[in-house]
Amino acid sequence: MDHPVTTNRISAIIYWLFLLIPGILQTVYNSFYHLLSVSDSLLDGLIFGSVFGVLGIAVWYVVRYNDPEKSAQGQMIASHAAASLVFTTIWMLTSGILAKSIISDPLYHNYLYGELTTRILAGLLFYALLVGVYYIYVYSQHNQEKAQKEAELQKQIREAQLNALKSQINPHFLFNSLNSIASLTLTNPEKAHGMVIALSDFMRFSLRKQQNDMVTLDVELKNIALYLQIEKIRFENKLLYNFEIEEECKKHLIPSLILQPIFENAIKYGVYETSKPVVILCKAQKLQGFLEITIINDFDPESVPLKGEGIGLTNINERLTLIYGSSRLLTAELGDNNFKVTMVIPD
Amino acid sequence: MNKIKTLIIDDESLARDLLRYYLSKDERIELVGECANGFEGVLAIQELKPDLVFLDIQMPKITGFEMLELITEPPAIIFSTAYDHYAIRAFEANAIDYLLKPYPYERAAVALNKAIEKINSKFPLSGVNQLIVSHDREVGILNRVVVKSGRKIQVIPVDSIYYLESQDDFVMIYCKEGHFMKQKTMKFFEEHLETTQFVRIHRSYLLNLSSIAEIQQYEKDSWVVLTLQGAKLKVSKAGYLNLKEKLKI
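If you're matching them up, the sequences are chains A and B in order.
Using this note's numbering, you'd call the opening residue of the first sequence number 1 and step up by one each time.
Using this note's numbering, you'd call the opening residue of the second sequence number 1 and step up by one each time.
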């Protein structure tokens with residue numbers, strides 16, 4: 001957050017104009033009640049006013065350091081109590097020494113000693129007023145930032161939803177599967193039967209689940225098993241897969257369909273791009289209360305896959321960030337002939 | 001009348017099973033082979049010289065289109081694919097036919113009749129070449145180029161290309177894997193390689209910026225680029241301006 005006075009010309013003018021008001025009042029009061037000369041009264045007002053103004057600019061940093069969004073109340077009060085004392089002391093010493101050396105009238109010197117307590121109290125009061133104005137500014141800035149952040153979040157949620165819809169209905173997968181069924185009905189009706197049922201179950205799960213639903217790992221993996229089962233009928237021995245899931249992980253909640261795109265990628269860049277068998281290994285374990293899911297797939301290092309247009313890891317990461325507020329839950333490692341994705345799900 | 005020698009190229013065995021079944025119903029057809037990828041497909045077309053090929057598009061390593069680029073005298077092609085990408089529409093006019101999986105026997109029969117009519121009509125099969133040309137317009141920025149030297153097929157990632165040189169009506173690609181001839185125009189590569197990476201430095205050269213070692217001036221309006229691999233390439237005046245712009249010098 002920028003300094004409201006030094007970085008904005010209009011607010012700087014307002015700031016100094018406002019300081020004029022107590023300065024003028026002070027001058028009028030002094031020359032009428034204490035019978036100081038007008039020039040001495042003016043000088044007095046000018047010196048105390050401008051020293052206050054300069055010090056007041058520095059007070060902003062005390063306010064910035066004690067952001068109400070981040071700091072505890074007790075700490076804020078303590079900081080400001082200490083700062084107000086330091087502020088008033090410096091103000092009194094600097095202005096007093098300046099005034100005494102500039103204004104030579106002994107009448108003024110006497111007056112100044114008499115006024116000391118009032119001025120210290122005034123210093124504390126002005127400090128409080130100034131801090132109040134600064135905090136109003138801080139709050140309004142925070143509100144603006146929050147509104148912007150909120151709008152950005154909404155936009156990201158909408159995009160994630162759209163992308164999820166797109167991935168649910170992957171036409172390439174759907175029509176190739178239907179073609180396999182068409183083929184099996186003639187050669188192996190029993191297998192065709194199994195594939196129709198697997199495909200139906202898979203589609204039903206994908207269509208019913210909403211982007212923001214949470215499901216247990218067990219349920220999500222059962223659906224992925226259906227997906228792999230279907231692809232296995234198409235690719236036979238070219239696709240091998242293995243799940244190593246610790247028992248205690250099965251009931252852990254994860255966002256629905258969050259793993260699906262990772263398996264789709266494994267099939268797309270692994271199985272589709274090679275003539276050799278590809279193994280997909282999925283592991284899940286508990287680590288200090290977190291659920292860690294690892295998916296490793298082989299790929300053919302000689303293949304040069306065409307640029308994907310698919311649902312990338314970026315998208316999954318965006319979703320995890322939206323849900324859990326951390327952007328470091330997903331990592332990917334590219335090995336010589338395998339690709340490893342690790343996802344960490346908090347409790 | 002001779003039977004129509006037909007080849008199936010599809011990576012899924014179930015898809016081949018179905019097509020084989022359809023083809024067996026037509027007595028004019030003789031199935032001469034089946035391939036599970038484009039590499040096998042190129043060799044099978046050269047050796048078996050089929051009249052007709054049923055071709056899938058998305059297959060391991062190279063697509064059906066990339067495979068066709070490697071064949072000098074392509075047979076009649078019927079696409080058989082689930083890939084309903086926008087590109088498909090562009091071929092409608094040129095391909096003998098394209099079939100969207102899954103399709104019934106009746107639909108395959110229509111395509112077969114069209115193909116047989118065309119094969120027996122004695123007119124040259126211009127369809128496929130037009131098809132590749134129209135495909136070129138649809139492809140975006142390339143990230144790989146498929147070439148053939150002898151019997152070996154190479155998939156070259158564009159990042160490993162040093163430079164391209166135009167030679168008559170083909171382009172020579174110099175890359176980490178060696179140098180390969182490709183039946184394409186320089187203009188095609190200029191339009192389909194990443195422009196931030198490849199610069200036309202001369203009528204005959206398209207250069208990968210990352211392979212520049214040095215640029216030397218040897219006459220007024222005439223420069224040479226020395227590549228990291230030790231090649232010396234002429235740079236024209238227009239080419240030098242292009243280079244300056246891309247390298248921001």
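Treat each hint with caution, since some may be false.
Simulated pairs of lysine-lysine, DSS-like, Cα-Cα distance not exceeding 27 Å [as the list claims (entries may be wrong)]:
| hint | chain 1 | residue 1 | chain 2 | residue 2 |
| --- | --- | --- | --- | --- |
| 1 | A | Lys191 | B | Lys148 |
| 2 | B | Lys152 | A | Lys268 |
| 3 | B | Lys148 | A | Lys276 |
| 4 | A | Lys276 | B | Lys176 |
Keep in mind that the hints were calculated from the coordinates and are not lab data.
- Message: Which constraints among the numbered hints does this structure fail? Numbers only, ascending.
- Response: Structure breaks hint 1 only.
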